[in-house]
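Asks: Sequence:
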Amino acid sequence: MFTHEDLARMQAQSLKMQGWIRQQTFSPELEKRLRRFSSWEVAELILRVNQSTLRGRMAADPSLPQGLVEEDGRQRWYALEEINEIRRKLKVNRKSLMPRRPAGKRAIRVAISNFKGGAGKSTVALHFAHAAALDGYRVLCVDFDPQATLSHSMGLSDITEEYTVWGIMARDLIRETDRMNAAMRGAESGSALPQRRLPEAITDMGLRDLRVADFIKPTSWPTIDIIPSCANAAFVEFASAQYRHLNPEWSFFAAVSRYLDALPRDAYDMVIFDCPPAIGYQSMNAVFAADMLYVPSGPGYWEYDSTTSFIGQLSEALADLSGFEGVVPAGTLQLPKVFQDVRFLLTRYEPGNELHRAMRSAFEKVWEDRVTQHPIEMTRAVEQSGRFLSSIYEIDYREMTRETWRRARASFDRAYEEFRDHALTAWDKLEDEA
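Residue numbers (my numbering): -1 to 432.
Bear in mind the hints are in silico, worked out from the structure with no lab data behind them. You may find that some hints are simply not true.
Distance condition first, Cα-Cα at most 30 Å in a straight line; then the derived DSSO-like pairs of lysine-lysine [claimed, not checked]: (1) K103 - K427; (2) K103 - K93; (3) K427 - K93; (4) K87 - K215; (5) K335 - K363; (6) K103 - K87; (7) K215 - K335; (8) K89 - K103.
Using the sequences and the hints, build the whole thing.
Replies: Okay, here's the thing in structure tokens:
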């Protein structure tokens, strides 16, 4: 027989193992550190310029970052900050090396979502964030999943729930209730209008005065920040039902959207949401805030079946939210919800597997060109990166054969480049911000 005390002991034992794994994976200070990138990687895989051309330009301009040379080799190794400085200052054939960003637009927001566990949502979010950072973009990740896989992979732990999406939603409830009460007091009416009251257990948590930046944490990547998650953030699914009862007119699904709207327009280029494997209060906040929906799925029948159910239930949930139209202030929310693009991405795909090829054909027959052309292939290097809480971009290619590493990276590169192109098209469709 087992009680809650037995489960607590099991967790304590697991936390010890978790600490040991972090020691093996991260630095001695238990902090994740981003590796340096070789001159070969910088030229061929990051800046996409001829290696000899880059060497010549670097030698001709000593003001450019020169990287470090290891004692046992001639190759130079560059930090990402140095690579970005080179990107900003250098032009090749009179062309800028900076990535394209539509002028006058806020950051593009993408939800990686499906309620099938193991579909690869966190893996896709992690790799797309890292690939975008290597591409020169500034990225904000938002971890909506209480399993916190993305947060842990970014090197974060010991996060309290107040600084997760749950905190953002509770803060939004308080602020929206204040706004509604102020509007009622200002209404020209011959009778007193009722005031919505929240219990002190909510109002006294200190969330009302938290700034937008208080929820954002840095990562080991200088151009990637994250709003992390933690196991206690699972409480949001229970708390939100109570919050809606306290203020039925609170548009709970738009809390994160309102939060992101308060960010400076040029603070980030891309915002990537890692969604939980369920349709609930957190995932609805993610999809409502998103401009583009990316749906990863494994290549099996059950994954296809689950993805079909996910699309159907998401459609029904978004239709229900349209009932808030007319309740919220005009111009503050767009209802019904509109996505600029929806795409389906196959993960863990094996080109030589007959079943995988057949299921890919089924996906394409149903969703046609909504299915991305480049699935993420399963390789041993991908499996290894997952075991060490890292992306393939963080793994030093010297830790395995260069060909094995390059084959795995090429799969994610192709998937990311297709993602980026779709994101740029959706980005162009966003309204300009004053």
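Asks: Given the hinted pair K427 and K93, is their Cα-Cα distance within 30 Å?
Replies: At roughly 25 Å apart (the allowed maximum being 30 Å), K93 and K427 satisfy the hint.
Asks: Mind checking the alpha carbons of K215 and K335 for me, to see if they're no more than 30 Å apart?
Replies: 29 Å, holds
Asks: Check whether the Cα positions of K335 and K363 lie no farther apart than 30 Å.
Replies: 26 Å, holds
Asks: Given the hinted pair K87 and K215, is their Cα-Cα distance within 30 Å?
Replies: 28 Å, holds
Asks: Is it true that the CA of K89 sits at most 30 Å from the CA of K103?
Replies: 25 Å, holds
Asks: Between K103 and K93, does the CA-CA distance stay at or below 30 Å?
Replies: 23 Å, holds
Asks: Can the restraint linking K103 and K87 be considered satisfied, given a maximum Cα separation of 30 Å?
Replies: 24 Å, holds
Asks: Given the hinted pair K103 and K427, is their alpha-carbon gap at most 30 Å?
Replies: This hinted pair holds, its Cα atoms lying about 9 Å apart.
Against the hints set out earlier in the document, no violation occurs for any number.
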